[in-house]
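Student: Work out the full structure, taking the sequences as your base and the hints as a guide.
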Amino acid sequence: MINLSNWLPVIWGGTIAGGSTGLLGVYIIGMRIPFLGVCVAHAALAGAVFGALLGLSGQMLMLPALAGAVGTALLLGTLDPQNVRMDTNVMLGLLFSLTMGLAFLGIGLFAVYGISDNDVRNLLWGSVTLCRWRDALLMTGAAVVELLFVAAFYKEMRAIMFSRLHAAAAGVRVTFVWTGFLILTSAVLTVNFQTVGGLMIYSLMTNPAAAAFQLVKGHGRALVLSVVLGGVSGLGGFLISLAANLPTGAMIVIFSSLLVALAAIISRVSRGHT
Amino acid sequence: MTTAAVDISGLRVSARRQEILRLERLSVERGEVFTILGPNGAGKTTLLKCCLGFVPLSGGELVVLGERVGRLSSAGLARLRRRVGYVPQVMAAHSEMPLTVREVVAIGRTGIAGLFRGLGREDWQVVDEWIQRLGLGPLSRRAYGDLSGGEQRKVLIAKAMVQQPEMLVLDEPTANLDLFWREQIVATLEELYEQAGLTVLLVCHELEVIPACSGRLLLLEAGRATARGRPDEVLTTERIESLYGSGLNVVHCGGRHAVVPTGERQA
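These protein sequence lines are chains V and H, in that order. Read in order, the letters of the first sequence correspond to residues 1 to 274 in my numbering. Read in order, the letters of the second sequence correspond to residues 1001 to 1267 in my numbering.
Quick caveat, the hints were computed from the structure, so don't treat them as lab data. From a predicted model like this one, the values you see are computed outputs, not experimental measurements. Wrong hints could be hidden among the right ones.
[Said to hold, decoys possible] Reference listing, derived: stretches of chain V covered by chain H, where coverage requires no fewer than 3 residues with Cβ under 8 Å from a Cβ of chain H:
#1 26 to 36
#2 166 to 174
#3 193 to 207
#4 240 to 252
In this text, a Cβ means the ideal position worked out from N, Cα and C, and glycines have one as well.
Tutor: In structure tokens form, the structure reads like this:
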């Protein structure tokens, strides 16, 4: 018999992480910039590392992590690929290597100054099974802000996802909305990151959206299905891990990958019949 | 203030410390179909992008629909762009998400609808009306990425038209299309001119694309205007041969224009 009160925040956290990153994934995968998640995650890590070096610990590390992630997002938002003559993915690659370099420099300094790096290691790897109500509620708050943003800028995000040039040509305030989305992405990923870990975030951001794109056409449908599949990945992976006594995070990642494979098969079969 | 749709004086554009476009005077009247023709790299796309504020000017004055483009704030530029329907040269690297044709056309209403409000019933009526007018009805629920190049180009024209623009700007709208689709697009431009009577700024490098309703033409070469006037006056065999090489004969028929190789081409 499992103790539900212990597992309830884990179930809730996993489902919310899946749903909220699944929603972000629709835009990030839709715009073919999956590297954004890794880049923001490492920027958050670099921020947390230097925060820890300055003496912060525990939940307080969230602040420098958020500052690192949001700073990177602002930089990305203000750099117009046309003006800098560089594809967004190339910019992301450069920023990713820079933030990773900074993070590892900071980690190296822990040994130099003889400071414990346990808090930072927890942030890097995270574990959904250690999710408590405080974390789950924070993740829920981030998810609510995310929903409000998407509701407010639904049509603008659809235009930007199609093409930033077309959106700008139609008179959409692209820099304003795009920078807002990047800041939101940073905040949501940073909040989820320290609870569920980088690998799970990356897979939950990519897989539900990729599966949804296989199964439905249209912005709204893809958005809803991706959120549902993200939530199902979090919940389903957790239940499988509990039943089979396997690592939870790994099962969520594998389960969400299987959902993509299943969606691809369904898509091929249904196309074969039309 | 000028009443012309586009009024240019002493326009200069530089890139990497080189002047790539220089136009002393150009005026495009409202309700006119004006063609800008020239070989690749002549500065045609740059000129269009200047009109929309996508490329900064290094000198001169450019007035589009009564707005001094170089002096507009980003909000002012967004307002101007809502009045201009733009069909870019490069096909959009369409999203990984399978957006439907109806959704892509609706992008044209996004800026007009304004921030913090969704598209209303009227917006969708305009979207559906243009989908029908351009014969895209049967495709409206299909994914944009599943369409042919010609169909996609028509969708982008519909997207520009749902802005109910005062001016339509088209950058090589028939590039990479076969003869059937080229003629479809030219016929669409003729229809738009007759039905909507809007100003059209058309950029192309093929004479065959110029619609019969285009009354004036500007020939651009290496960032400089080399000729302007009525298409049948400007597009002479001598001028085309000097641009593209010898052994070419220009034919004018029913307001349309074509280049026919004579078989005597010299390298």
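Student: Against this structure, judge whether each hint is valid.
Tutor: These are the hints, each one checked on the structure:
{"no.": "1", "hint": "26 to 36", "result": "holds (count 5)"}
{"no.": "2", "hint": "166 to 174", "result": "holds (count 8)"}
{"no.": "3", "hint": "193 to 207", "result": "violated (count 0)"}
{"no.": "4", "hint": "240 to 252", "result": "violated (count 0)"}
Hint compliance for this structure: hints 3 and 4 are broken, all remaining hints hold.
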